[in-house]
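A.B. asks: Below, each chain spelled out in residue letters.
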Amino acid sequence: MTRTATLAELATLVGGELHGDGTRTLSGVAPLDVAQEGEISWLSDLRFAPKLKKTQASALIVPPEITDPPRDAIICKKVDHALAQVMTHFAPPVVHPPQGIDETARIAPGAKIGDNVAIGPYVVIEQGAVVGDGTILHTGVYIGAEAHVGANCTLWPHVVVRERCTLGDRVIIHAQSVIGADGFGYYLHEGRHTRVPHIGGVIIEDDVEIGACSCVDRSKTGNTVIKQGAKIDNLVQVAHNVVVGANAVLCAQVGVAGSARLGSYVLLGGHVGIRDNIELGDGVQVAACSCVPQDVAAGAKVAGLPAIEFRQYLRESASLRKLPEVIAHLRELTKRVEQLESPTDHSPRR
Amino acid sequence: MTRTATLAELATLVGGELHGDGTRTLSGVAPLDVAQEGEISWLSDLRFAPKLKKTQASALIVPPEITDPPRDAIICKKVDHALAQVMTHFAPPVVHPPQGIDETARIAPGAKIGDNVAIGPYVVIEQGAVVGDGTILHTGVYIGAEAHVGANCTLWPHVVVRERCTLGDRVIIHAQSVIGADGFGYYLHEGRHTRVPHIGGVIIEDDVEIGACSCVDRSKTGNTVIKQGAKIDNLVQVAHNVVVGANAVLCAQVGVAGSARLGSYVLLGGHVGIRDNIELGDGVQVAACSCVPQDVAAGAKVAGLPAIEFRQYLRESASLRKLPEVIAHLRELTKRVEQLESPTDHSPRR
Amino acid sequence: MTRTATLAELATLVGGELHGDGTRTLSGVAPLDVAQEGEISWLSDLRFAPKLKKTQASALIVPPEITDPPRDAIICKKVDHALAQVMTHFAPPVVHPPQGIDETARIAPGAKIGDNVAIGPYVVIEQGAVVGDGTILHTGVYIGAEAHVGANCTLWPHVVVRERCTLGDRVIIHAQSVIGADGFGYYLHEGRHTRVPHIGGVIIEDDVEIGACSCVDRSKTGNTVIKQGAKIDNLVQVAHNVVVGANAVLCAQVGVAGSARLGSYVLLGGHVGIRDNIELGDGVQVAACSCVPQDVAAGAKVAGLPAIEFRQYLRESASLRKLPEVIAHLRELTKRVEQLESPTDHSPRR
Numbered sequence: 001m002t003r004t005a006t007l008a009e010l011a012t013l014v015g016g017e018l019h020g021d022g023t024r025t026l027s028g029v030a031p032l033d034v035a036q037e038g039e040i041s042w043l044s045d046l047r048f049a050p051k052l053k054k055t056q057a058s059a060l061i062v063p064p065e066i067t068d069p070p071r072d073a074i075i076c077k078k079v080d081h082a083l084a085q086v087m088t089h090f091a092p093p094v095v096h097p098p099q100g101i102d103e104t105a106r107i108a109p110g111a112k113i114g115d116n117v118a119i120g121p122y123v124v125i126e127q128g129a130v131v132g133d134g135t136i137l138h139t140g141v142y143i144g145a146e147a148h149v150g151a152n153c154t155l156w157p158h159v160v161v162r163e164r165c166t167l168g169d170r171v172i173i174h175a176q177s178v179i180g181a182d183g184f185g186y187y188l189h190e191g192r193h194t195r196v197p198h199i200g201g202v203i204i205e206d207d208v209e210i211g212a213c214s215c216v217d218r219s220k221t222g223n224t225v226i227k228q229g230a231k232i233d234n235l236v237q238v239a240h241n242v243v244v245g246a247n248a249v250l251c252a253q254v255g256v257a258g259s260a261r262l263g264s265y266v267l268l269g270g271h272v273g274i275r276d277n278i279e280l281g282d283g284v285q286v287a288a289c290s291c292v293p294q295d296v297a298a299g300a301k302v303a304g305l306p307a308i309e310f311r312q313y314l315r316e317s318a319s320l321r322k323l324p325e326v327i328a329h330l331r332e333l334t335k336r337v338e339q340l341e342s343p344t345d346h347s348p349r350r
Numbered sequence: 001m002t003r004t005a006t007l008a009e010l011a012t013l014v015g016g017e018l019h020g021d022g023t024r025t026l027s028g029v030a031p032l033d034v035a036q037e038g039e040i041s042w043l044s045d046l047r048f049a050p051k052l053k054k055t056q057a058s059a060l061i062v063p064p065e066i067t068d069p070p071r072d073a074i075i076c077k078k079v080d081h082a083l084a085q086v087m088t089h090f091a092p093p094v095v096h097p098p099q100g101i102d103e104t105a106r107i108a109p110g111a112k113i114g115d116n117v118a119i120g121p122y123v124v125i126e127q128g129a130v131v132g133d134g135t136i137l138h139t140g141v142y143i144g145a146e147a148h149v150g151a152n153c154t155l156w157p158h159v160v161v162r163e164r165c166t167l168g169d170r171v172i173i174h175a176q177s178v179i180g181a182d183g184f185g186y187y188l189h190e191g192r193h194t195r196v197p198h199i200g201g202v203i204i205e206d207d208v209e210i211g212a213c214s215c216v217d218r219s220k221t222g223n224t225v226i227k228q229g230a231k232i233d234n235l236v237q238v239a240h241n242v243v244v245g246a247n248a249v250l251c252a253q254v255g256v257a258g259s260a261r262l263g264s265y266v267l268l269g270g271h272v273g274i275r276d277n278i279e280l281g282d283g284v285q286v287a288a289c290s291c292v293p294q295d296v297a298a299g300a301k302v303a304g305l306p307a308i309e310f311r312q313y314l315r316e317s318a319s320l321r322k323l324p325e326v327i328a329h330l331r332e333l334t335k336r337v338e339q340l341e342s343p344t345d346h347s348p349r350r
Numbered sequence: 001m002t003r004t005a006t007l008a009e010l011a012t013l014v015g016g017e018l019h020g021d022g023t024r025t026l027s028g029v030a031p032l033d034v035a036q037e038g039e040i041s042w043l044s045d046l047r048f049a050p051k052l053k054k055t056q057a058s059a060l061i062v063p064p065e066i067t068d069p070p071r072d073a074i075i076c077k078k079v080d081h082a083l084a085q086v087m088t089h090f091a092p093p094v095v096h097p098p099q100g101i102d103e104t105a106r107i108a109p110g111a112k113i114g115d116n117v118a119i120g121p122y123v124v125i126e127q128g129a130v131v132g133d134g135t136i137l138h139t140g141v142y143i144g145a146e147a148h149v150g151a152n153c154t155l156w157p158h159v160v161v162r163e164r165c166t167l168g169d170r171v172i173i174h175a176q177s178v179i180g181a182d183g184f185g186y187y188l189h190e191g192r193h194t195r196v197p198h199i200g201g202v203i204i205e206d207d208v209e210i211g212a213c214s215c216v217d218r219s220k221t222g223n224t225v226i227k228q229g230a231k232i233d234n235l236v237q238v239a240h241n242v243v244v245g246a247n248a249v250l251c252a253q254v255g256v257a258g259s260a261r262l263g264s265y266v267l268l269g270g271h272v273g274i275r276d277n278i279e280l281g282d283g284v285q286v287a288a289c290s291c292v293p294q295d296v297a298a299g300a301k302v303a304g305l306p307a308i309e310f311r312q313y314l315r316e317s318a319s320l321r322k323l324p325e326v327i328a329h330l331r332e333l334t335k336r337v338e339q340l341e342s343p344t345d346h347s348p349r350r
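Residue numbers (the working numbering), protein chains in the order written: chain A, 1 to 350; chain B, 1 to 350; chain C, 1 to 350.
Worth double-checking, as some hints may not be accurate.
Heads up, simulated DSSO-like pairs for lysine-lysine below, C-alpha to C-alpha not over 27 Å straight-line [stated by the list, open to error]: (1) Lys51(B) with Lys78(B); (2) Lys301(C) with Lys335(B); (3) Lys77(A) with Lys53(A); (4) Lys78(C) with Lys53(C); (5) Lys322(A) with Lys301(C); (6) Lys322(C) with Lys335(A); (7) Lys335(A) with Lys322(B); (8) Lys77(C) with Lys301(B); (9) Lys322(B) with Lys51(C); (10) Lys335(B) with Lys322(B); (11) Lys54(C) with Lys78(C); (12) Lys112(C) with Lys77(C); (13) Lys335(A) with Lys322(A); (14) Lys335(B) with Lys335(C); (15) Lys78(B) with Lys112(B); (16) Lys78(A) with Lys53(A); (17) Lys322(A) with Lys54(C); (18) Lys77(C) with Lys54(C); (19) Lys322(A) with Lys322(B); (20) Lys77(B) with Lys112(B); (21) Lys78(A) with Lys51(A); (22) Lys335(A) with Lys51(C); (23) Lys322(A) with Lys335(B); (24) Lys335(A) with Lys78(B); (25) Lys77(B) with Lys51(B); (26) Lys301(A) with Lys53(B); (27) Lys335(C) with Lys322(B); (28) Lys322(A) with Lys53(C).
These are calculated hints, taken from the structure and not from any lab test. On a predicted model such as this, the values are computed, not experimentally measured, just so you know.
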C-alpha cells in the first residue's frame with residue numbers, strides 16, 4: 001500500500017472532526033492490535049477502548065464518546081462508515097480486465113453490449129443477451145441466451161448466468177457462482193424420477209451481492225427472485241421459486257429450499273436450512289446451524305434443530321445440560337415415594 | 001413464450017380427456033395464483049381445489065376427482081406427468097453450443113469424439129478420452145485423460161470430469177461440478193498428514209443428474225459409484241468410495257462421507273450428513289439437516305442430530321419443548337416429597 | 001493399470017520384511033474383499049484379520065502382529081505408509097498440461113513465471129503475479145494481480161486465486177476453488193448494507209491441500225491464513241481473517257466464520273460450523289455436524305448443537321432418548337405424591 005493521506009485529508013473525506021495534528025501523513029489502516037507507526041486505526045466498539053493506549057497506530061478514528069483520544073484522531077459518529085471510506089482510500093487498486101472486449105471473448109451476433117464494459121478473455125455471451133454499461137465480466141464468465149445483465153455489475157471469473165436470467169444494476173457475483181441452473185424437481189413416473197421442466201428464470205435486483213460458489217436455481221414457472229440489496233455469502237443454495245427479501249443477509253452455506261419466501265432484512269446465520277414453501281417474515285433472524293421447518297413471524301429470532309423461539313431455545317439448551325442429573329434425581333425421588341407408600345413405614349429419615 | 005397450442009392438442013399430447021372447448025388457444029402455463037388469461041394451469045393437490053374458482057387461467061389440467069372443472073380442462077390421472085409434458089411444450093428453447101466442435105476446443109490426439117456432438121468454446125478434452133454421440137459440452141468443460149462420457153449427456157459450463165472417470169448415457173451435470181477430484185484421505189507420518197493415493201475413479205451410470213457446484217470424489221481403489229437414475233442437487237459432497245443407489249435423491253448441501261453405501265430410492269433432505277462407512281438400506285428417508293451416524297435399515301425414516309427413528313424424534317422434540325417446565329415440576333415435587341418425609345407433618349395442604 | 005512389480009521389489013520400496021516368494025509378479029493393489037489374483041492387498045486394522053484367509057489377493061502387506069500371513073507378504077510396521085508407496089507405484093500416470101506455457105494462456109507483461117512450469121490452455125495470469133518453478137496450472141486457472149504462487153504447486157481446472165494472495169510451495173488446490181474472494185462484511189448505513197472493503201489478502205502456507213469448490217476469503221486487513229500442512233476438503237468455507245492452524249484437518253462442508261482461530265492439528269468433522277471470533281486450541285476435535293459457539297480449550301473433543309464436551313454430549317443424547325418416558329414417569333409419580341398428600345389416605349396400594 002503506497003497511497004498516503006494526511007489526517008486532515010482523511011477527516012475531510014469522512015466528514016469527521018479533526019483532533020490534533022492534521023498534517024500528519026498516514027500510509028495505511030490496521031486494527032489496534034497490529035497497526036504500526038504511520039498507520040491509522042479505529043475504535044468501533046467502546047468495550048475495546050483500553051486498547052487505545054497500547055496501540056502503535058499514529059492516528060485513530062473514534063466515536064464522540066472518546067472525548068480525549070490518546071493519539072491524533074478523527075472523531076465521528078459513524079466509525080464503521082468512516083472506516084470504510086478510509087479503507088477504500090488506502091485500498092490497493094483491484095485489477096479488472098481492461099475496458100473493451102477481449103479478442104477471445106465470444107459474443108453471439110445479436111447480443112447487446114453497453115458502453116464502457118470490460119469483458120475479459122474467454123467470456124462467452126450467447127444470442128440475445130444484454131450487458132449493461134460499465135459492467136465488468138472477468139475471464140470465463142458465461143452469459144446465457146437472452147440473459148440481461150444490468151449496468152456497473154462485476155462478475156468474477158467463471159460466473160455462469162444461464163439463459164433468460166436477469167441481473168439489475170451494480171450486482172456483484174463472485175467467482176464460480178451459478179445463476180439459473182435448473183431447479184431440483186422430479187416426479188416419479190413408472191419408477192423413475194422424471195424431471196419437472198423449469199421454464200422460469202431468476203431475477204436478481206439492483207445492489208445484490210452474491211459470494212463465490214453459490215447457486216440460485218431457476219424457477220419452475222415465474223422467477224426465483226433476489227430482491228434489492230440482499231447480500232448472499234459463499235456456498236449458499238437458493239432453490240427454485242424462492243423469494244429472498246430486500247436487504248436480506250444469507251451467511252455462508254445457507255440452504256433455502258424451493259418456494260420458501262424470506263422477508264426484508266431477514267438474517268440467516270451460517271449453515272442455516274430453510275424448508276420449502278415456508279415464509280419468514282420481515283426481520284426474522286435465524287441463528288447459525290439452525291433448521292427452520294415452518295413459518296416464522298416477522299421480527300422473531302429463532303434457533304435450533306428444529307428452530308424455535310430463541311429464548312425458549314436457550315432455556316431448553318440449559319435444561320438439556322441438566323437432563324442426565326434430572327433423570328438420576330427422578331429415580332432417587334421415585335424410591336423415596338415408594339418408601340413413603342410402603343404401608344409399614346412412611347418416613348425414611350429417622 | 002410465444003409457442004401456442006389448442007386445448008385439444010394439449011389433451012392429445014398428454015393423453016388426457018378433453019372437457020370443454022378444444023379449440024381454445026393457449027400460450028403458456030402458470031400456477032393457479034398467477035396464471036393469466038390465455039394460460040393453462042393445473043391442480044396436483046386436491047387441498048388446493050378451492051383455488052380453481054378464483055384462478056384467471058383459461059384452462060386447467062385436473063385429476064379425475066374434479067368431475068366438473070370450472071374452466072375448459074384436460075382431465076387425467078397423472079397431473080404431474082401431464083404438466084411436465086405441457087411445460088415442455090411451452091418451454092422456450094434452451095441454447096446449447098451449435099452442433100460440431102468449436103474451433104477453440106482443445107481436443108487431444110487420440111480422444112474419440114462421437115457423432116452429432118456439440119462441443120463449445122474453450123472445452124479441453126485430454127488424451128484417450130471418449131465423448132459419446134449427441135453429447136453437449138458447454139464452454140470450458142474439462143474432460144480428463146481416458147475419461148468416458150456416454151451418449152446424449154449434457155455438461156454445463158466449466159464442469160470438470162477428471163481422468164479415468166466414466167459417465168453413462170443421458171447424464172446431466174450442471175455448471176461448475178467436479179467429478180473425480182482426489183478423495184480426502186491422509187495418514188499421519190512423522191507428524192505430517194500424508195496423502196493416500198486415490199488411484200480409483202468414479203462411475204456415474206445412465207440417467208443420473210447432478211446439480212451445480214457439486215463434488216463426487218474419486219476412490220482410493222475401485223470406484224465411487226452413482227447408480228442409474230440417481231438425482232443429486234447443488235453443492236452436494238459425495239466422498240471417495242461411496243455408492244449412491246439407483247434412483248436415490250440427494251438434496252442440496254448433502255454430504256456423504258467416505259465408503260458410505262446408500263440403497264436404491266434413498267431420499268436425503270437438504271443439509272443431511274452421512275457418516276463414513278455406514279449403510280442406508282433401500283428406501284431410507286432422512287429428514288433435512290439430520291446427521292446419520294450409523295446404519296439404517298431399509299425403509300426406515302430418520303431425523304435429528306444424531307438421526308433416530310422419525311416418530312421417536314418427534315416424541316423427543318415435543319418432550320424437549322416441555323423440559324424446562326419438567327425440571328421446575330420435579331423441583332416442586334421434590335419439595336412435596338420432603339414435606340411428606342418430614343416426621344412431624346405428612347400433609348402439606350391444610 | 002499395466003505397471004508391475006515383484007514382491008521383492010515392493011518390499012524394498014517400502015522397507016519391509018519379505019515373507020515368502022519374492023519373485024511373484026504383482027500388477028495392482030486392491031482391498032481384501034475385491035482383490036483378484038495377481039494383486040496385492042493389505043491389512044491396516046487387526047479387526048479385519050479374518051478376511052486374510054478369504055482374500056483372492058496373491059500377496060499381502062501386513063503388520064508384525066500377523067506372524068504367519070496366509071499369502072506371500074511384506075511385513076512392516078507402518079502399513080498405511082507402505083500402502084501409500086505401493087499405491088503410488090501402481091498408480092496410472094496423471095495427465096497434466098505439458099511442460100511449458102500453452103499458447104492460449106494469457107500472461108500479463110511483468111508476471112514472473114518460473115522454470116519447468118506447466119501452464120495449460122486458457123489460463124489467465126495478471127500483472128505482477130509470480131508463479132514458482134515446477135508449478136502446474138490446469139486449464140482456466142486465474143491468478144490475480146500480484147498474487148504469488150510458490151514452487152511445485154498444482155492448481156486444477158478453473159481455480160481462482162485473487163489479487164495479492166500468496167501460496168507457498170507444494171500447495172494443491174482442486175478444481176473450482178476460490179482463494180481471496182472478498183470477505184462477507186457489511187455495515188448498515190441509511191438502511192442499506194454497505195460493503196466493508198476487504199483490503200487484506202490470503203496466505204496459504206507450504207504443503208496445504210484444498211479440495212474442490214472450496215472458498216477461502218480475503219481479510220479485511222492483514223491476511224486470512226492457512227498454515228503449513230493443513231488439509232481442507234471440498235465445499236469448505238473459510239471466512240475473512242480466519243487462521244487455520246498447521247496440520248489442521250477440515251472435512252467437507254465445514255464453515256469457519258470470520259476471525260475464528262483454529263490451533264494446530266485441529267480436526268473438524270464434516271458439516272461443522274465454527275462461530276466468528278472464537279478460538280479452538282491445538283488438537284481440538286469437533287464431531288461431524290456440530291456447531292461450535294465458543295472457545296474450546298486445547299485437546300478437547302466436542303459435539304452437538306451447540307457443541308459441548310463429547311462425553312457430556314453422549315450422556316445427554318442417551319438421556320434425551322429417555323425423555324418421553326421420563327415425562328410420563330414424572331406425571332405418574334406426581335399422582336402418587338398427590339395420593340400420599342391426600343389427608344384421608346396416604347397409602348395407594350391395598
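A.B. asks: All the hints need checking, so say for each whether the structure fits it.
C.D. replies: Against the structure, the hints:
Distance hint between Lys51(B) and Lys78(B) is fulfilled; the C-alpha atoms sit about 19 Å from each other, no more than 27 Å. Note on Lys301(C) and Lys335(B): the hinted pairing is violated, with a Cα-Cα distance of about 38 Å set against a maximum of 27 Å. The hinted pair formed by Lys77(A) and Lys53(A) meets the criterion: a straight-line CA distance of about 21 Å does not exceed 27 Å. Restraint check for Lys78(C) and Lys53(C): satisfied, since their Cα atoms lie roughly 21 Å apart, inside the 27 Å limit.
A threshold of 27 Å between alpha carbons decides the hint, and for Lys322(A) with Lys301(C) the separation of about 20 Å falls inside it, so the pair holds. In summary, the hint linking Lys322(C) to Lys335(A) is supported, as the alpha carbons are separated by about 18 Å, within the 27 Å threshold. For a cut-off of 27 Å, the pair hint linking Lys335(A) to Lys322(B) stands: about 24 Å separates their Cα positions. Simply put, Lys77(C) and Lys301(B) have alpha-carbon atoms about 44 Å apart, too far for the 27 Å limit, and the pair is violated.
Between Lys322(B) and Lys51(C), the direct Cα distance comes to roughly 50 Å. Violation of the 27 Å bound is thereby established for this hinted pair. Using a Cα cut-off of 27 Å, the hinted pair Lys335(B) and Lys322(B) holds, with the two alpha carbons roughly 20 Å apart. The hinted pair formed by Lys54(C) and Lys78(C) meets the criterion: a straight-line CA distance of about 23 Å does not exceed 27 Å. Of the supplied pair hints, the one linking Lys112(C) and Lys77(C) is violated, its CA atoms being roughly 45 Å apart against a limit of 27 Å.
Proposed proximity of Lys335(A) and Lys322(A) is supported: the alpha carbons are some 20 Å apart, at most 27 Å. For a cut-off of 27 Å, the pair hint linking Lys335(B) to Lys335(C) stands: about 15 Å separates their Cα positions. In summary, the hint linking Lys78(B) to Lys112(B) is not supported, as the alpha carbons are separated by about 42 Å, beyond the 27 Å threshold. With a C-alpha separation of about 21 Å, the suggested pair Lys78(A) and Lys53(A) falls inside the 27 Å cut-off, and the hint holds.
Straight-line distance between C-alpha atoms of Lys322(A) and Lys54(C) comes to about 50 Å, which puts the hinted pair past the 27 Å bound. Distance hint between Lys77(C) and Lys54(C) is fulfilled; the C-alpha atoms sit about 23 Å from each other, no more than 27 Å. For the proposed pair Lys322(A) and Lys322(B), the alpha carbon gap of about 14 Å is at most 27 Å, so the pair holds. Under the criterion of a C-alpha separation no larger than 27 Å, the hint pairing Lys77(B) with Lys112(B) is inconsistent with the structure, at around 45 Å.
Straight-line distance between C-alpha atoms of Lys78(A) and Lys51(A) comes to about 19 Å, which keeps the hinted pair within the 27 Å bound. In summary, the hint linking Lys335(A) to Lys51(C) is not supported, as the alpha carbons are separated by about 51 Å, beyond the 27 Å threshold. Our distance criterion of 27 Å between C-alpha atoms is met by Lys322(A) and Lys335(B), whose separation comes to about 18 Å. With a C-alpha separation of about 61 Å, the suggested pairing of Lys335(A) with Lys78(B) is violated against the 27 Å cut-off.
Taking the CA atoms of Lys77(B) and Lys51(B), the gap is near 19 Å; set against the 27 Å cutoff, the hint holds. At roughly 38 Å between alpha-carbon atoms, Lys301(A) and Lys53(B) are farther apart than 27 Å, so this suggested pair is violated. Of the supplied pair hints, the one linking Lys335(C) and Lys322(B) holds, its CA atoms being roughly 18 Å apart against a limit of 27 Å. For a cut-off of 27 Å, the pair hint linking Lys322(A) to Lys53(C) is broken: about 50 Å separates their Cα positions.
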